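Between the sequences and the hints, there should be enough to build the whole structure, so can you do that?
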Amino acid sequence: MSAAPSSQRSRGRPRSFDTEIALKAAAERFRTHGFAGTSLDDLAEATGLARPSLYAAFGDKRALYLATLSRLHQRLEGLFDGIAAARLPRDTLLRTIFARTIDGYLTGEVAPSGCLAVATATTEAAADPDIRAALLRIITLQDERMARLFAAAGIANPEPAARIVMSVLHSLGVRARAGVPRDELDRIAAECIAMIP
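Here the sequence shown is numbered in full-length UniProt numbering, starting from 1 and rising by one per residue.
There could be a bad hint or two in this list.
Unchecked claim - SDA-like cross-link-like pairs, simulated, lysine to any residue; straight-line CA separation at most 20 Å:
1) Lys24 x Ala111
2) Lys61 x Leu79
3) Lys24 x Pro89
4) Lys61 x Pro158
5) Lys24 x Leu88
6) Lys24 x Val110
7) Lys24 x Ala50
8) Lys61 x Asp41
9) Lys61 x Gly34
10) Lys61 x Ala50
To be clear, the hints were calculated from the coordinates, so they are not data collected in a lab.
Remember, predicted model here, so these are calculated numbers, not experimental data.
Structure representation (structure tokens):
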């Protein structure tokens with residue numbers, strides 16, 4: 001089925017909702033229940049939009065999910081920009097990255113939900129090339145931007161160090177989702193920091 005031409009105007013009332021707020025709500029619902037476990041009714045409830053409005057604004061559930069991954073990519077770019085602008089010294093940089101990431105992982109609608117990409121996209125990526133590409137784009141961004149931060153802070157071998165730290169951060173997201181307590185997540189973070197030259 002092809003999409004309607006962009007010049008064609010949709011009928012009904014003009015859009016009267018904030019797209020960013022709707023995407024944030026949808027991302028949280030996907031982060032909680034995963035792609036397959038989230039229904040259109042769940043998304044309508046989370047966003048406060050009727051199903052026809054969701055379709056009109058974002059397309060089907062898969063298109064909305066891909067939009068939430070794109071939003072995550074944009075947010076990560078902004079977060080990396082902010083950290084880079086702060087020009088933090090090595091130890092403060094590493095502690096800040098781990099603390100902020102763990103803080104985010106421990107949030108969720110009903111329980112700690114980890115990372116949207118790691119917790120949900122990894123499941124779908126094996127069978128869906130677009131989701132796989134979106135996930136790879138996020139991971140590549142994280143590795144590259146972390147390496148830049150490490151190089152600026154004088155961390156030796158910034159590229160492999162960045163990949164190691166990102167791998168540990170991804171693991172912490174899984175552990176947070178599994179219910180591992182904050183003090184244990186912090187301990188793993190401290191152990192990883194101690195290993196970075």
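Tested hints:
no., hint, verdict
1, Lys24 x Ala111, "holds, 17 Å"
2, Lys61 x Leu79, "violated, 27 Å"
3, Lys24 x Pro89, "violated, 32 Å"
4, Lys61 x Pro158, "violated, 38 Å"
5, Lys24 x Leu88, "violated, 29 Å"
6, Lys24 x Val110, "holds, 16 Å"
7, Lys24 x Ala50, "holds, 16 Å"
8, Lys61 x Asp41, "holds, 10 Å"
9, Lys61 x Gly34, "holds, 12 Å"
10, Lys61 x Ala50, "holds, 13 Å"
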